[in-house]
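Using the sequences and the hints, build the whole thing.
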Amino acid sequence: MRAMRIEVNGEAREVSQGITVLGLLHALGVQDGPVAVEKNREIVPRAVHASTELHEGDVLEVVHFVGGG
Amino acid sequence: MSTAAEELKIGSHTLRSRLIVGTGKYKDLEQTRAALEASGADMVTVAVRRLDLNAKGGDSLIGYLKQAGYTLLPNTAGCYTVDDAVRTCRLARELGIAGLVKVEVLGDPKTLFPDVVQTLEASKILVKEGFTVLPYTNDDPITALKLQDIGCAAVMPLAAPIGSGLGIRNPYNLEIIKQTLSVPIIVDAGVGTASDAAIAMELGCDGVLMNTAIAGAQDPVRMARAMRLAVEAGRDAFLAGRIEKRLYASASSPLAGVIGSKHG
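Protein chains in written order, with this note's numbering: chain B, 1 to 69; chain G, 1 to 264.
Worth flagging that the hints you see were computed from the coordinates, not collected in a lab.
Keep in mind that the hints are not guaranteed to be accurate.
To be verified - With a Cα cut of at most 35 Å, we get these calculated DSBU-like pairs of lysine-lysine:
id, chain 1, residue 1, chain 2, residue 2
1, G, K128, G, K110
2, B, K39, G, K146
3, B, K39, G, K245
4, G, K25, B, K39
5, G, K25, G, K146
Keep in mind that this is a model prediction, so the values were computed, not measured.
Here you go:
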């Protein structure tokens, strides 16, 4: 399978073409529950993580809650 | 004394405690848990951050907060633009929250003072998107009123710079803000010790939000308890209606029937 470059949390990564958001989270070892995902500055709702394909050059943010004031 | 009057309503949310606390800067989860419990708070703030993709193991804090039944108030701490603040709130909503957000758009890293123009703009967008918006703002009555007018559910003026512990630097402005607005006023940032929290409440403010004053104390759990008592004491003192200040004494014991020689 051919690889493509995307950016996750500010870092460049190589992933296989056609990978979905859910596939990426699994590949990163992230459980789907406690994270939120933004692709090219738009929220990717959890319900469509499995059906949202990523493309070359996509910029993703994967965030969670941490302690804070 | 009515206890129902002691509840704090923010939008459609009802809080039992008028003390809202942050969850940052604690030594560990155990200390966080003990301090939050001692504070009596039912709403706590959290931040939205990038997941460390190289770290192993999840953050147990958030799991604990949810399981313990705390209402999460995500903040936009660290955001310097409208866009970043709005995106952060949308991500927070995706993470599953009650819909309340603490909007802070900062103007300067040294003072962490809010950029009120951008705070207004971000709040306007978020209100339209259905969030219950609680903006962190300056102790400026004009901006506070504008924030209320655009639909913020509460307004949170600072007492002093975030984490400074300088206390209530402008009680008069806070009093004007409280008298001008009808939404709850929550003093956010700058509290250093219990008397600061009590003063905020005595001024008539509806609540106090703090993090560093508790987490940075030598004994955070004891300080959390002190803050709970101070907020309750200050609130009671406000509701009780203090005496007028007067320059000269007013005897507490009867003037009649004093033995011995007359004075004056």
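* Asked: Is it true that the CA of K25 (chain G) sits at most 35 Å from the CA of K39 (chain B)?
  -> Holds, at roughly 30 Å.
* Is K39 (chain B) within 35 Å of K245 (chain G), Cα to Cα? -> With a Cα-Cα distance of about 60 Å, the restraint between K39 (chain B) and K245 (chain G) is violated, given a limit of 35 Å.
* To do: Compare the distance between the alpha carbons of K25 (chain G) and K146 (chain G) with 35 Å, and conclude whether the hinted pair is satisfied.
  => holds, 32 Å
* Asked: K128 (chain G) and K110 (chain G): Cα distance at most 35 Å?
  -> Between K128 (chain G) and K110 (chain G) the Cα gap is close to 31 Å, so the pair holds against 35 Å.
* To do: Please work out if K39 (chain B) and K146 (chain G) have their alpha carbons no farther apart than 35 Å.
  => The given pair, whose Cα atoms are some 33 Å apart, holds under the 35 Å limit.
Hint 3 from the earlier list is the only one contradicted by this structure; the remaining hints agree with it.
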